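J.: Whole structure, please, built from the sequences with the hints as guidance.
So the numbering used here is basically just the index in the sequence shown, starting at one, shifted up by 1.
There is no bait here: all hints are sound.
Straight line, CA to CA, 27 Å or less: simulated DSSO-like cross-link-like pairs of lysine-lysine:
#, residue 1, residue 2
1, 171, 128
2, 231, 256
3, 230, 279
4, 279, 43
5, 58, 8
Just so you know, the hints here were simulated from the structure itself, not pulled from any lab data. If you're wondering where the values come from, they're calculated on a predicted model, not measured in any experiment.
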Amino acid sequence: MDRENLKALRIGVLMGGNSSEREISLKSGEAVLQSLKRSGYKATGVDMGRDLAGRLKRQRIDVAFIALHGRWGEDGTAQGLLEIMGIPYTGSGVLGSSMAMDKAIMKVVFDSVGIPTPAYAVAEEGKDVALPLPFVVKPANEGSTIGISIVRRKEEIAPALADARKYDKKVIAEVYVEGDEITVAIVNGETLPVVQVKPSKGFYDFEAKYTKGMTEYIVPAGITKTVAKKASDIALKVYQAFDLSGCARIDMLVKRGVPLVIDINTSPGMTETSLVPKAWVYLGRTFDELVETILTGASLKI
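T.: As C-alpha cells, this is what we get:
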C-alpha cells in the first residue's frame, strides 16, 4: 500500500491477546504504535479479545498491523477474521500462518519440499517417543520457547511431556542438535543479515530470550560466508514454500556447516531490541523505517 494513502487511514495495532506470549506482544505492539505515531500515521492500539470484530468496528480500523504472538494472532485466526471483515493486514495470510504455527505440520511441509530440519516425532500419549536421546520436547503450537525441555535421560521424558502438554495437547519431539543458533529475517521478500544467538547458559529458553544480558546477539553471525548464504537461501525457500508475506523470521541450528530449520515466526518480536530490528538496523536503517516498510505490505490475501 502507498505510504501517503496509508496516512489518511486509521491503523489499528493488534496486540496482547490471550496467548502465553501476551506480555511480549504488548511490548511489541507498543513499540510499533509509538513508531507509527512518530512517522505521522493515525495509529491506535487494539487489544486482541473474543470481541475483536466489535473493537475493530468501534475504533473504525481501516488497516491492521499485527503485533500479536502465539495463538489467535500468529495461527491464522485473526487473519481469517480480518479477511472476512475486509481489513487489509500486515504479515502472512491464513494458511501460511496456521501451517507455520503448528510445528508438526511445519515439519511435514519441510520434508515435502526438502528443507533440512532435525529428525522429529509426534509424541502420542501412552506411546514411547521414537527418537534416540537426547531430544527436545516442544508444544506444537507455542512460541518464545515456552514449554520446551531438553531430555537427556529416560526418566526425564515423562515430566518433559507433561510440562509441554500444559500448553498444547499436541507435542513433538525433535533430535537435539548442538550447533550455532542463527536466525534469518525476511521483510517483504528481502532477506536480512544472519543473526547469531549465543545464550550464556547454552540453551536459548524463555529466560535467556527475555532477560537482559543473558544472551549475546552477533550481527552478522560469526559463521562463514558460505554457511550464511546457505542459511539465507533456505530461509527464502521456507518463506516461499509456506506462502509467507510481510515480515517473518526463520530460526536454525548449524551442524557441520548445514543450517537446519527449527522454527518459523510469522509475527516476530518488534521491540527495538528484538532480532528482526537488530538485523535491519545493521544495514544502516532505522526502526521506524522497518515498521513503515512492514505496514506498506499490508493487504488482503484471499
